[in-house]
Amino acid sequence: MSLVPGLGLAKGMALTLRRFFEPKVTVMYPEDRRDVPHKFRGRLQLLYDEWGTLKCETCFQCAQACPIECIDMGGIDTRGRYHVHWGAPETYGERREESALRRSGRPVPDPAYRPFAAVDLGALDGILDEYDHDPAHMLAILEATQAAYGYLPVAALKRISQLTGAWYAMIYGTATYYSHLRFEPAEASAQAAAVAAHRPPEGAYLAALDAALGKRRNPGKPARA
Amino acid sequence: MVDLLKTPAAWPTILLERASAPDPTDLDAATRAGAFDALRRVIRNFGATATIAMISGVGLRGRGGAGFPAAAKWRLAGSTDAARRYVVVNGYGADPATATDRFLLERDPYAVIEGAAIVAFAIGASEAIIAVRADAIAAIRGLEAAIGAAEEAGFIGFDVLGSGHDMTVTVRPVQGAYMLGEETVLLKALEGKRGQPEQRPPYPAERGLFDMPTVVHNVQTVATLPWIVRHGAEAFAATGTPDSPGTILVQVRTPRGDGIAEVPLGTPLRNVVALGRKLPAGRTIKAILVGGPSGGLLPPDLLDTPYDFEPLRAAGAHIGSGSVVVADDRACTVDLARLLTRFCANEACGKTIPCRIGTRRLVEIADRVADGRPRPTDPQLLEDLSADIVASGLCDHERLTTLPLASGMRYFRSELDEHILRSACPAGVCHPIAVAAGAIR
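Going line by line, the protein sequences match chains A and B.
Quick note on our numbering: the first sequence kicks off at 1 and runs consecutively.
Quick note on our numbering: the second sequence kicks off at 1 and runs consecutively.
Source of the hints: derived by calculation from the structure; they are not laboratory data.
Don't take each hint at face value.
Selected chain A positions facing chain B (in silico; Cβ < 8 Å) [as the list claims (entries may be wrong)]:
1. L54
2. P135
3. A136
4. H137
5. T174
6. A204
7. L206
Fair warning: this is a prediction, and the values are worked out from it, not measured in the lab.
All C-beta atoms in this analysis are idealised placements derived from N, C-alpha and C, irrespective of residue type, glycine included.
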């Protein structure tokens, strides 16, 4: 409490007056544009749905669109496969369900998470040499990489990205599209089965034809996929 | 390998002229039978412009399903200014139940190689790529052997037949997605990218592989070219119909088995179906699925429809992969259309919303109907949604995915109504929950 009555009030009013004559910060947006770097896209934010789980599906579309390639992610994709890309494992190896903890801002370690085994990338350099480090041969490079390692290790994809200059997100997009490319060793049968159930093979059509042509194998049971 | 079906002797043999050769990769035998005769004539006598004019004059249409005039693509690609041009031969044969393209590649690789070289010469391309399914190992080996032999003999490769043109032909095994049958998706795969279709125009003939003008043809289209050059335009125009001359390979599948036949375009569907194996005794034809997984279901009264591009489209089907499936009266059209739509929806690449979500909704509607818990608005919803997908689709995949259900609604409405109104499946295939529905009431 000040000894001079009304001093606090005067101080407050002085601040108000000073702010009153300062230049305004509001920008009449569509007419006036602030001068920002041309690759500026605003603040990144992850959204949660009404059940408190992350809406992000690790689809990589934002990473693919990002002009300065600052976006990266790890998590479970729509096929139930777990991907960790780069950065400290404890920030990526987290469970999506523990969203309350997540919203507190702290990373949530997943006790079930096992870091990827180290991969020897020597074979990959030979493959890249053979294809001239040319991203136009990406499909052939990925197929040769899978032939060498049995699957596509994330470390190998990163190395391909570094050496060919192709964006990681683009390589990831190619690798996830073709059904013969896989991210896990073939023996990871439980996950392979989940993937197969999510995306039935071409046999589904043949089975439908067989059913229509009266060759239904199990007539007592409706053919439900 | 699939059997060759016996066709009437009066039908022309264009694509399978040399198909009975004991060793299809034997270059000497093939040249004695006329292989690379046409390429020599095109290079020495005709020149590029006259060749395009000739193909344009006979009105050859693409065999890939859409029936686009071949010469129009060549003109566009040839007239577009570019550093390089490409020829891509689509031998992927996406339909898992149809092996017509693979059959042709295995039986007569030289016809495809020669045709590809003719296209390359006509548009001024120096590289032709033949894309084949990676699991068609016999076709790939045969093609590689044939290309090696033809290069050694100087028919392709550097300085073709002393003309100064270079034309390399390569085989590229591709795999991993049903959508690779679509031309822009195939080009994406050849570029090593995610296989998703592109907006057209610009057509691939203007901007295709690596942004260069690219002519994409089905293997049957290019394999027809040498025959046209050797036998002349009149002989070719005498086959098929005036609007779509020539022949096409068809795989006819009935409950007793399947086989491949070469059919002149415009042949009534009845004669095509008659090529296949007989139905089991006492069974009658109920529906004919024309066009592969995204084909239309036609009733027996439409057996007189000509097997040609426009008449089939008008009837609600399409030539597609050249697959004709004959289902007898044990089949349920609702169940069949549902499974076909589900397959197509699962194979969608997901680039556009009508395809990714619209086809999924179609499957859900069909599932509801087949399970006997339809909503009263479902037939209307199906119709509206199909129209929206057709109107807003990016590539033909989603437009054609609506065909099984749309043609089913059009021709087999009584069976659909039986499912919707009475929760019953006349063919006894679906198990709609009629009992359970009664229990709820």
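Handout entry: Unmet hints by their number, sorted upward, for this structure
Key = 1
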